[in-house]
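If you want the building blocks of each chain, they are given just below.
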Amino acid sequence: NAGVTQTPKFQVLKTGQSMTLQCAQDMNHEYMSWYRQDPGMGLRLIHYSVGAGITDQGEVPNGYNVSRSTTEDFPLRLLSAAPSQTSVYFCASSSRQITYSNQPQHFGDGTRLSIL
Amino acid sequence: AQTVTQSQPEMSVQEAETVTLSCTYDTSESDYYLFWYKQPPSRQMILVIRQEAYKQQNATENRFSVNFQKAAKSFSLKISDSQLGDAAMYFCAYLRGAGTYKYIFGTGTRLKVLA
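Top to bottom, those sequences are chains Z and G.
The first sequence maps to residues 154 to 269 in our numbering.
The second sequence maps to residues 211 to 325 in our numbering.
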């Protein structure tokens, strides 16, 4: 049982380049989310999805796109990378059954992204 | 809008001693969950403890316990018998009610454990 798998773990981009951060989960969770973590800011929600075909914006969505064509996958796209997007990115998945779950939210190991 | 505040950017504790990390939150909801997550240098996010708002009893998990003051909207984490492996960033998080999914995180407290 792999849980939440994020790729790549590290990436360096030049300003203006595009890339996709991959996220996959094998727990059949309905909810998936992308966060960014910056020093002194905690984790901030970028985009989230409540199921295949349904996505919505979080707290800091500008500059990022998402799609959810399957329950398992939730990729995050940077269309034109900017230095302000240098951060650590976490993908997470959650089951609806929070009350009965020992681990209500599962996180990937994160992607450290640097934009030069 | 709900907010979560961690007012201690950094704390230190001697090995084997007890330390308390503070967290306050603001919400008008009556049904919600609170969590403490640990993030060691490996970057993994590890759930330490959770508290359901409807439960009056404070949650405990081995050396970790919380002091949940619902009226004061306070949710502090107490770590007893601190160990070197407890050194990490600790995040307080809020979730509005079952069936929702938008977690709100505090800015974190870095805990140093001194040998």
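Do not rely on the hints blindly, as some may be mistaken.
Using 25 Å as the maximum straight-line C-alpha spacing, the simulated SDA-like pairs for lysine to any residue come out as follows [as the list claims (entries may be wrong)]:
1. G/Lys-322 <-> Z/Arg-197
2. G/Lys-322 <-> Z/Gly-204
3. G/Lys-312 <-> Z/Arg-197
Hints listed in this document are in silico derivations from the structure and should not be mistaken for laboratory results.
Against the structure, the hints come out as follows:
Taking the CA atoms of G/Lys-322 and Z/Arg-197, the gap is about 24 Å. The hint holds against a cut of 25 Å. Under the criterion of a C-alpha separation no larger than 25 Å, the hint pairing G/Lys-322 with Z/Gly-204 is inconsistent with the structure, at around 40 Å. For the given pair, G/Lys-312 sits about 10 Å from Z/Arg-197 by alpha-carbon distance, which is consistent with the 25 Å threshold.
This entry does not satisfy hint 2, going by the numbered hints stated previously; all others are met.
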